Every structure is written in structure tokens, then in C-alpha cells.
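Protein sequences appear in the order of chains A and W. Counted from 1, the first sequence has number 301 at position 301 by my numbering; the numbering is strictly sequential. Counted from 1, the second sequence has number 135 at position 135 by my numbering; the numbering is strictly sequential.
The hints are simulated quantities; they were obtained by calculation from the structure and are not laboratory data. Computed from a predicted model, the values in this text were never measured in an experiment. Wrong hints could be hidden among the right ones.
Copies of the same chain look alike in the list, so a pair counts if it works inside one copy or between any two.
List of simulated lysine-lysine pairs, BS3-like, C-alpha gap at most 30 Å [as the list claims (entries may be wrong)]:
1. Lys260 / Lys40
2. Lys70 / Lys135
3. Lys226 / Lys88
4. Lys260 / Lys101
5. Lys88 / Lys11
6. Lys207 / Lys11
7. Lys226 / Lys40
2 protein chains.
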Amino acid sequence: MIKPVWLDGDKVIFVDQLRLPVEESLVECRDYQSVATAIKTMVVRGAPAIGISAAYGLYLASKEAAELSKDHDDFRRFMDEAADHLAKSRPTAVNLFWAIKRMLAKYEEVASQDFATIVSVLQKEALDIAAEDEKMNYSIGEFGHDLILPGSGVLTHCNAGALATGGYGTALGVIRAAYEKNKDIHVFVDETRPFLQGARLTAWELKQDNIPFTLITDNMAGYFMKQGRIQAVVVGADRIAANGDVANKIGTYSVAILAKEHGIPFYVAAPVSTLDLSIASGDEIVIEERDAAEVTSWAGIPTAPEGTQAAHPAFDVTPNRYITAIVTDRGVIHPPYQTGLQRIVKEDA
Amino acid sequence: MIKPVWLDGDKVIFVDQLRLPVEESLVECRDYQSVATAIKTMVVRGAPAIGISAAYGLYLASKEAAELSKDHDDFRRFMDEAADHLAKSRPTAVNLFWAIKRMLAKYEEVASQDFATIVSVLQKEALDIAAEDEKMNYSIGEFGHDLILPGSGVLTHCNAGALATGGYGTALGVIRAAYEKNKDIHVFVDETRPFLQGARLTAWELKQDNIPFTLITDNMAGYFMKQGRIQAVVVGADRIAANGDVANKIGTYSVAILAKEHGIPFYVAAPVSTLDLSIASGDEIVIEERDAAEVTSWAGIPTAPEGTQAAHPAFDVTPNRYITAIVTDRGVIHPPYQTGLQRIVKEDA
């Protein structure tokens, strides 16, 4: 079973996603700062996996706080600093903030107890977050696989797979579930420039699971849609606004337009924790601008002339009107999203 | 002045476009076989530049035929073989076949004359083809620059520049002409996977000419259109059917759909020699399938797991309904293309 991150005693272990698929190596972190660095440098990526990583990071922070704090005030200062530091590692993933908030809320519940208790409660909370995420993805797969008809070509963008989550995946959860139901599907994998999460990670996952796929460059999606080779698109989400606008990896918006033009359904698969009903629409989502060097070079080799100015928005926002349905761990939401998303979040209460 | 290929005595010299922008090196060819190899391996690419290269190749063939032939039958056999060999180097570029046909027609005119005369006439014909192409591009620029409004963001895909032609460029001819008219434009350059002609070649050309530009990955085009940063798209063409359907670098079709969705005009710039009125529509255009290894690795480094199946259609066809206008060296053609293209070709007679 593929996992991007797990706890091994007092270490957080990451599959180094920067080295896949050429090398399958691990990164060990013993403090929250190195967990934040792993998030920032994209050793780990994918909104749910980032949330889980931050939760583990706060558990490591609590261990360190327990060792270094003179009193409960010290402990709290330490936890606040760690939460701030981790929150700054990536700006777009709502799960990051969600996981930090949940860990801090749990901390509040036990903040006056002895240090060992706090540490043990936070460890359990982080492990719960990871386990719940994996379970949610199985639910997403269970709700979503009916949307994929037998014999379909299914396009996915970026990696919303096991490596992006607590396991199994969101978009790849739907695809895995459809495949497991003998739906005889074929996956088209957008390579997803500039970071090539599709080529490096999604292709790697599908290969591990023997699910048939074809890797394509991002600019081939329209061609294969026109050829009638693609019957559905399934992508993940980094953040979903109250009106159903979806922030996801750069290029998702273009794929959604291509799908609409070809009359192909466009599905978003994400756990309820990805919903951010505090923002009315995608217009409020701040898009992370990453280093342009990630566009002008690859594996250290320049792809463009020296000094080339490049842009690197890491995400884009797909307006709700392009989205056929949103598959969550609590069911499939159809338009209008405003009401459907509100309803599903309230079920939480 | 940037040129992709020229004649230096009895050698054909290519700028090695595989090594740009990291290295500015030349490839020398002394026989038609190595010219065909240069075309096939994409040392030279771009429909007009391929045509010019093939013409030079046939000139080299005539020199070799003159040395080795016992009689005029021998000479003819040699020329036919060379033409066949060169015609097989790339399947999609109509200019390749057009240039070969024109060289063979010129050869027919003088086939019974002495060998030295044949060689000299074919040399002149090849040089004429190159010079005419460059001149056509200045005409394309002259007709096309009015389509670009002052202050525009202009998106281009692949390289339809000086390096793809006899000089100046088709799509980049329009962009250069607009820039020269002080139109204060900013170019968005699609990097154009998998071969990165945009990042490697278009960025290099624009840098040489100090035209302001931003390099983006192909999947960012929709994002920048939505941001209101792009007011026009200009691309080249490898082949244009009688109804105005356009074969061009893979990804062009997707850009055309994105432009339509955002209400942005989509222009195709190409000389009349790119028109192929013998085919009724783009459906008849055979799309070259290139080596999938060009998708699964870059600069020799794998981007995907070993054994990954990938697709590599090198071109796609953009249906005429997405095209706002076709800019030729004889004027701008607006829909309906059927009549407009017929008329402009007849002016030839």
C-alpha cells in the first residue's frame, strides 16, 4: 500500500517525491522545521498529504516542547511558533491550515495536563488524521466509481493519488475503485508541467497497481478528447470555495474548458476537509507563485536561454460552471454547489 | 539576422536546433542523406525551413549525381532516389513535398542539358526558394501586424520564427512587425512540450531581438487568458486544408479552444506554400507519431517510470471554426476560408 508519509517512533518518514520515479528513497525528519522544509520543497505534496505532514510536524513539536519547556506557558509558545512556521510552508492548501487548526484545538483540550499526556494525545490525533484521510478516500472511491462507465478513457491531471493523501487517493481513488470494479478503463495521465507530478508520481502509482495508462504531455489532452479516446476527467482539489469553484494544480482550468468543449464530464474528487466555505468564490483564493527557475530548467539543465523571464503560478481556479460533479467522502454533489456543499458540511455537526 | 540553414559552397549548414539554447553550434552536411537525417532528427524543424533544407538537399544530390552519373538516365535515377529519401524524412510538412516538387520541376526543365548547367540551375532554384520564403515572411508581417493592437499580450505556441523559416518567421514575423511598429506588446511563449521549441527556440529568438516576453508552461495558457493578460494568439501552420483546417504543432488545437472560450482572436500565419487545397479538410491530414521516448525523458533523464507507455502525436488539427483569420504573404483571409483560400491561390496563376 503506497503512503507518502508515516510515523516511525519519533521520526516522520517521507517518500522523497522529488526523486521519484528515478529513485525510491526516504527522507527522515526529527523536528517540525525539517517537516516544514519537506512541505516547502515538495518532498511531499498534495493537499491532504500536506495536512497529514503538518499534523505529524506538530506532534514532533510537542515532543520537543515537552523536553525544552519550563512550564505550560513555554509549551504554548513553542506550539504557537511551530504552528506559524508550518502554516507558512505552502500558501494554497486549505488542508494544511485545517490540520494545524485541528491539532491546536486538540492541544487546547489537554493544554493544562502533564506534558507526556499532551504529547501522547497529539500523537494519536495526528495518526487519526492520517487514518481518517485514507478512509475518506475509500469512501470517495466508493461514491465516485459509478461515474466512470465501463470501457472509459479517463484523463487525470497532476497527482491526486495515494502519494498526495493518507493513501488510495482522491481522483486516483475514484480511478482505482472503478478499475477494481472491472470497469476495463484506460487512464490518460497529463505529465503536468513544470513539476511533472503526472509523469513522475501518477504514472508510478498506476504502474505499481497495474492499471493501464498512457502518459501524455499536457498539450495533448485536447487531441485525445477530439479522437474520442477520453470519456471522463477526474482531478483532485487543493481548495473548494462555497460556490464550488475549485483551486487545483495549474492546468486544471484548461483541462476543464477542453472537457466542456468536447462534452466530456469533468469531476473533482476531494474530501470534505478540502471545502473552505469561508470563501464565497475562487476569486478569493491566493494563488501561490513558485520559483520561475522550475519552468526554465529541468533536472538542473536549462530549457530556456539564460536570463529568461518565466511565470510559475502553481495553481489555477476552475469556476463551478465547468464542473459536472464534486465527489466527496460523504457523497456526490451536483450543481448548484452552493446549497449542496453547505448541506454536506452541516452533516458534520 | 537569424537563419536556420544556408549554403556555404558545397556544404549545407544548419544551426543545430537540438542544442539551442544551451549551445549555439552548427551542423555541416555534404550530401543529401545527411540533410535528410538533419530533418528527421529535428536539427532543423518548422515547415518552411524543412522545405528550404530539402531544396538544398536536392542541390547537393545534383552535385553528387553530376560526379557519379555515366549518362542522363543515371542522373535522373539518382535525383529520383534523393527526392524519395528526402520526402520520407518528415510526413506532415507540406512544404517538404512542395519544395521537392518544385526542385524536380526545375530539374525537368533542364534535364537534357549538360550536368554542370543542371547543378547550377538547381543551386539557383534552392537559393530562390530560401530568399522567397524570407521575403514572404516580411509580407506576412506587413499584412498581419495590424491585427495586433498596441499594448497587447500575444500568445504563441511552438516556434514559427526565423529558425522555422527562411528568416524573420511567420507567427513571429507578425509579432516582430507589430513590435517594430512600436506596438508595445508582450509575448507569452508556450514552452511547447515535449520538444520545448517555445522555451528553447522562440525564447532564444525573442531574446536576440529584445522583444519582451514571459515563458510559460503549456498548461498555463488558460490561466493567463482568464487573467486578461492575453489579447491575441498567433501561431504558424504545417499544413492548411482547402476548408481552412490547420495542422500545426501538438497543443495548437487546445490553445485555439482556450482562445475561443475567452473571446480572444486566434490567428494563423503561414505562406501560401503551406496551403494544400488538394485536401478538402483536416481529417485527411496524417498526423506524425514520433518516438514516445521524447515524452518519457528529457535530456536523457527519465521523467516517468521505466517502461511507461506514452503517446507522441507531433501535430494536431485545428478546425477552421476556431480560426479568426489566416495571415498569408498575399493578405489576410477571413472566413469562409473555402472561397478565400481558393481565390488567393488562383492569384498565383
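Margin query: Treating 30 Å as the Cα threshold, decide for Lys207 and Lys11: within, between, both or neither.
Written below: So Lys207 and Lys11 pass the 30 Å test inside one copy only (29 Å; across, 48 Å).
Check: Given a CA cutoff of 30 Å, do Lys260 and Lys101 count as a within-copy pair, a between-copy pair, both, or neither?
Finding: neither (37 Å within a copy, 43 Å between copies)
Notebook entry, point to check: 30 Å Cα cut-off: does Lys226 pair with Lys88 within a copy, between copies, both or neither?
Noted result: Between copies, since 27 Å is at most 30 Å while 42 Å is not.
Next item on the list: Using 30 Å as the alpha carbon limit, work out where Lys88 and Lys11 are close: within a copy, between copies, both or neither.
Entry: Close inside one copy (21 Å), not across copies (59 Å); limit 30 Å.
Notebook entry, point to check: Is it within, between, both, or neither for Lys70 and Lys135, if the alpha carbons may be no more than 30 Å apart?
Noted result: neither (39 Å within a copy, 81 Å between copies)
Next item on the list: Please work out whether the CA atoms of Lys226 and Lys40 approach to 30 Å or closer within one copy, between two copies, in both situations, or in neither?
Entry: For Lys226 and Lys40, the Cα distance is within 30 Å only across copies (27 Å; inside one copy 38 Å).
Margin query: Checking an output row: Lys260 and Lys40, CA cutoff 30 Å. Within, between, both or neither?
Written below: neither (34 Å within a copy, 36 Å between copies)
Hint compliance for this structure: hints 1, 2, 4 are not met, and every other hint is.
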